[in-house]
Structures are given as structure tokens and as C-alpha cells.
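Here is what each chain is made of, one letter per residue.
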Amino acid sequence: MRQVVRTRYSEDQQAVAEAFGELFAREASTEAVRAAEAGCGFDAGLWRTLAAAGAPGMAVAADFGGGGASLVDLAVVVYEWGRRIAPVPLVEHAVCARLLAAVGGDSQRDLVAAVAAGELIATLAPGPLDSGGVARLVPAGAVADVVVARRAGDVVVAQSQPASRARPNTADLPLADRDLSDAQTVASGAGAEDAWKRALSEWKALMAVAYAGLASEVLYMGVDYTKQRHQFGVPVGSFQAVQHGLADAATRTEGARLLAFRAVCALEAEQTRRSDGARLASMALLFGAESARFAADRVLQYHGGYGYSAEYDVQLYYRRAAGWLLQLGDPSAEIARLAHTDLGLKATEAA
Amino acid sequence: MDFAMSAEAEAFRAEVRQFLAEHVDAETIAAGRDGTIHSPALHRAIAERGWLSGAVPAELGGGGMDPMELCVLVEELQLHQAPADALGVAVVAVSMILEHGGEHLRTAVAPRIMAGEALACLGYSEPESGSDVAAARTRAERRGDHWIINGAKMWTTLAHVADYVVLLTRTDPDAPKHRGLTFFVAPLDAAGIEIRPVETMGNERSNATFYDNVVLGDEWRLGEVNDGWAVMKTALKYERGIAGGQFPSPPVIEAAIDWARGARRADGASLIDDDEVRHKLVRAAIDVEVCRSFAYHTAALASDGAMFGVEGSMTKLFASESYKKHCAWFFDMMGAHGLLTGDDPDAHRDGLIEEHYRHAPVTAIYGGTSEINRNLVAESWLGLPRSR
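Residue numbers (this note's numbering), protein chains in the order written: chain A, 95 to 445; chain B, 22 to 409.
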């Protein structure tokens, strides 16, 4: 088929979006998000529902027990996940499942199948291990049964009982330290390097999509509220100062959504043709995080005092908008990498 | 979903680049610096390639170029800094004429513009009406079988090199403001038209045009009498594919990298190793990719036959506001040296960043101000109540 630029969902993707949109709206209400915050930021019931729907392994090859869907189809689900800031580690898990299938091969067949089915929760530790072999502040570290990490150029995997206790954090994410000293090597050399980078890029692109979902939802929260709330005898949303802030947020949110899906498409295309997926993924994540924070900030502001109250839902989004990106590490390191790879600037150019 | 261009569109991009390599050199770009961002030779060459008529919809009798290829053409023209301001105006004028014009305009005017032999300019704004374009007061009064035009138009850019002005006039001052408007295409050599230059902060030359008892036959009328607002709406639609403006930043970023490579901070460190400089360069590069995503999205919507409106407003808003930001960042980065204009022999890249810094503000004003675009996003995209 002739390849054409399509920036909208296909009919099938639209159906997937609607089905998972309904699932998350039903199962991941803000009440459920708040309930998860009282624990370690994880909703086991929601995870089982998602596993039954085939979401955790949907983008793993069918050979490994996955759904054989594309990364783009997965992104359609992730967008809905982001809209509901659903307390399950869908992105870490899905990326990790694909990574394990790519590097684990036949030796890890049972592990990959269990992960693809969502019976085991998997995550990846983006940062380096400390000298004792411990990965600090691992995303989903409090709930993952399987942790994949980078150790001296190898990709290593450890399976152990999660503590089910998160380090208390701004965004109530299931962050925890994990001892990976007995992790097994599953890939070495150039293959390991490529697979790891690829997994991180997928994580970035999918989180960028999630950020676009978060931003669009918080934005509509702001629209609904400012249409209902009256001050000085008129809806707050009729004031141009408010409208223009929301319009700027909507514009950035739409830009973030387009760049995020473009990055996902580019990563998907990398299988068959040259593409700039890694670069776009990194850019999309930075822009998505910034846009989501901007949207959450504007919407909190236009709620007035209620936006600051724990009772209203804006603060749930506000905190996650800040937290998701930081799980990767210092954003300025990401910018520095882009300066190097995208702009072609050397680490230090002083001559 | 797939944001990657087809092989055909990429082949077309290569063709456009080859063309631009032949037709746009430093001299062509520099010629645009006299304030008239138009190169007659380039404009004719583009028309000869069929790209001007190509940008006119097929159902109107144009070439009906694939919207993705049109998007590529507009992108490459901007990336190569081609002085092609007349192209978009020509496409809009021809499209309006072919959709609404009578026999004379369709046979004697549109083909000449489409062939690149004649240029058009747009006469919408007036001294007293800019964003509120429907408040136009330039009068057209019927006298038997002809019309008498009196009034003034502002920002008739290119009028001093153009052959025709697409003129928005008031034909019924008693009707509600959107219902008493009529369009004309006036030949700029008609008696009673005066063109006065309007100099700008960005060195661009625009014009104020004055109409003193200009006599036009009814064959110059464009669309029905008092139906000008309907014509205006179609004009806005035709502008969308060809308007450009999504890629003003890349030359500025490129020049900023070049400057930072050669400059030193007060402590002797190379500016290109400065984290703040690098961060700004990366953020600007990200903004460019957001603009590109918007551009491909709107072109893909057009390819699907979908009408888009507010997406165009978002694209214009984001592109012009981020461009202003980038210009300010890199202008500041250069310190005192950045103040030097292209007239100074030491100016970096003939004062490119300095010139962009002075040019940038207008991009958030012309073709729909940022405020108007924010209003449109608030109302049409978010569904907020109308506010004025």
C-alpha cells in the first residue's frame, strides 16, 4: 500500500481508544487514583482488569505470547491511560516486555510470556546502579516483580519480590530502590546497547503520549470549571485573560500530542526504514512534560483557591505532570544529550 | 498513523531543493532585504514550474497539487529563506477570482497572475480597521454601469510592485457591518490610486493605498454585491495551505550555533559549551519540530479532504510566538555585538539575527494576530463563551 501521512487514528485505533477510554474512566476514576495514593500508588484490581483486556503485552510479538500490536496501537491505549493518570505502571511494563522479548529470546521464554500476560509486572531502571548493585528510585520499583537494568554495558534482569512500599514522593508514584546485585545478564555488547537505547526511547515517546493525555484532560477540567464558576456575575471562562491562558495551554497540548505520536510513529518505522525516532522521542518527552505542566499550572490557577485544595482533582494532575519526567533523571541531562545528538555539538568544543 | 512523507513527497522535496539551489542564492536572499520580499525572477520561475497554479485547487481550475507536496514546497521555501511573499498572495487572489469572479476577471486577470506575469496584493485592512476587518469603510458606489471607489487601505504590502489589489469595500453603509461589503479586483494603474510607502521597524516596506474617485467597471467586481463577507471566508480558507510562516526559526538557530562556536564568555570559555546556550538551542530545535508536526498535520487533514480551521490558528500562534522567543534569546546571547546591523562590516552573518529580531514581532500580528488566534482556539477548540 502506498504510504501516506496520516495524523489521525485509523478506524481500528479509534475503536481501541474508545474501549480503553471507557475502561479507564470506569476503573481509574479520580477516587481510584486517590485510593491508590493511600497505598504505594498502585491499583492491583485495575492491573488485573488491564491484563484481562490484553493491554500489558499487547505490543509484544505473538510468538512470545503478546498481542502483536504495533507501538502506535499501544500509544493509543497509553494516551487514555495518561488522561486518567491511572495508578498502574503500564508504560514501564509494556516497554520492558518488548525489551525482554527482543533480548531474552528463547532463554527467557517463560519469563517473557508471564510478563506479556501481565502475571508478572516488569519495569526498567533508567539510571546506573550504585556500587552495591542497587538501583535507586526505580519507576514502579515498589510493585514490579521483574526489574531490567543496565550494568557495565550489559542488560541485566532480576526477579524478586517487590516491597510494596514506595518512597514517599510528590507524585505518589510507586518509586522504590531495588537491589539488583544478583541480576542475570540477558544481553551484552552492541546488541544490548541498541536494545536498551531503543527501550528508553520507547519509554520517552510513550510517556510523551501520556503527557499529552494528561494535559488534555486537565485542560478540559479547566474548561468545565471556568464555564460553571461565576464571579462578578459572569462565568470565569468568559474572561479573556483566562481564555488566552487556556488557549495557549490547548495549543501546546495539541503540539505535544502531534509531536508525541510522530515520535511513536518514527520509532515504529525504524523497524523497516531509517528514521529519527530516538531524537523525536526525546524532544517529545521534554515538550510534553513542559506542556502538561503549563496546562496543569494554568488550570490550577483558574480554579482559584479550590485548585490548591486537596479536594479538587487538579492537584492530582499537577503533581504527576511534574513527577513523570523526573523518574528518568535530571531533564537537563536529556537536553544535553539532545544538544549532542541533534545539534551535533560535541560534549565540549573548547579549542 | 504515520507522519513520514511518502516516497513521492520526498522525491518532490528533492526536486524543490534542486530548484531552489538553482534559483535562490545569497544574492536573491539579500535582494529581499531592500524591504520588498519578492524576487521577480524567482516568482516567475516558480510559476513556470506550475507550482503557483498547482497551489490553486483543482476544482477551481488550478493544478490541485497534493496538499502534502504543497506543504513540502512551502516548508522548503521558508527553510531556504526564499523571498516569496508574493506567492501566497497570488494563490489566494487567483482562488478568490476563480471561485467568485465574472468572465473578465477569470479570463483577463487570473491567468496572468497564475502564470506569474502579474502580481496581486491584498487590500483588506484600513487605517481604522485591522483585526476587525469587516469594519472596512472604503466606499464603493454604483453609478450606472460602473463603480466609484473612495477610501484608504493600510498594509497593502507589495502594492508598489503589484498589478492588482483585491479590495474590500463597503457598498451598503446602512446594512449590518458584515452584510454591506463587496469585493473588487482593482488594476493598480487606475486613475485616482495613490501608493505611499510605509516603512517598518523590520526594514520591510509596506504601503498605504489611497482611492480618490477611482472608476471601475462592473467587470472588476468580485462576487455578489453586499456578499463580500462570504468571499472573505473563502479567502481565509485558501490562505491556509500556502500562507507559510511555520518555519521562520531555523536560519536563526543555525546562525546562533555559528556565533556560539566562535564566541567566548567573559571567563574565556567557549559560548557553545555554555549550558544555558545549549539549552536554548535545544528548546528552539524542539519548537521547530512542534511546528513541523503542526504543518504535517494540517496538510494531512487537507489531504483527507477535511476542512481545518482552528488547527491553522494554533500553528500560526505557536510558530510566531516561539519565533519571537528564539529571536530574543539569540539576540541577547550575542550581547553588544548582536546590536550591529547588516550595514556594519563586522555584523555576524550580515546581521541576520539582529534583522530577525526586528522582523519577528510582525509575524504575531499579520494574517491574524496572536490575540485573535487565541480567541478562536478558546471558542472553537475549547468551547468557551464568546468574549470581546
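Think of the hints as simulated: they come from the structure by calculation, not from any bench. Using N, Cα and C, we set each Cβ at its ideal position, and we do this for glycine too. One thing to keep in mind: the hints can contain errors.
Unchecked claim - Simulated restraints, written as ranges between beta carbons of each label pair:
#1 A:Gln108 with B:Ser27: 19 to 29 Å
#2 A:Gly199 with B:Glu43: 47 to 57 Å
#3 A:Glu213 with B:Ala290: 50 to 60 Å
#4 B:Gly71 with A:His434: 49 to 59 Å
#5 B:Gly330 with A:Ala109: 20 to 30 Å
#6 B:Gly71 with A:Asp318: 48 to 58 Å
#7 B:Ala35 with A:Gln108: 51 to 61 Å
What the hints assert, rightly or not - Just some of the chain B residues that point at chain A, by a computed CB distance under 8 Å:
#8 Phe24
#9 Met26
#10 His125
#11 Thr128
#12 Pro132
#13 Val303
#14 Phe315
#15 Arg395
To see whether the hints hold, each was checked on the structure:
no.	hint	result
1	A:Gln108 with B:Ser27: 19 to 29 Å	holds, 23 Å
2	A:Gly199 with B:Glu43: 47 to 57 Å	holds, 53 Å
3	A:Glu213 with B:Ala290: 50 to 60 Å	holds, 54 Å
4	B:Gly71 with A:His434: 49 to 59 Å	violated, 43 Å
5	B:Gly330 with A:Ala109: 20 to 30 Å	holds, 27 Å
6	B:Gly71 with A:Asp318: 48 to 58 Å	holds, 50 Å
7	B:Ala35 with A:Gln108: 51 to 61 Å	violated, 35 Å
8	Phe24	holds, 4 Å
9	Met26	holds, 6 Å
10	His125	violated, 40 Å
11	Thr128	violated, 36 Å
12	Pro132	violated, 32 Å
13	Val303	holds, 5 Å
14	Phe315	holds, 6 Å
15	Arg395	holds, 4 Å
Violation of the numbered hints given earlier is confined to hints 4, 7, 10, 11, 12; the remaining hints are satisfied by the structure.
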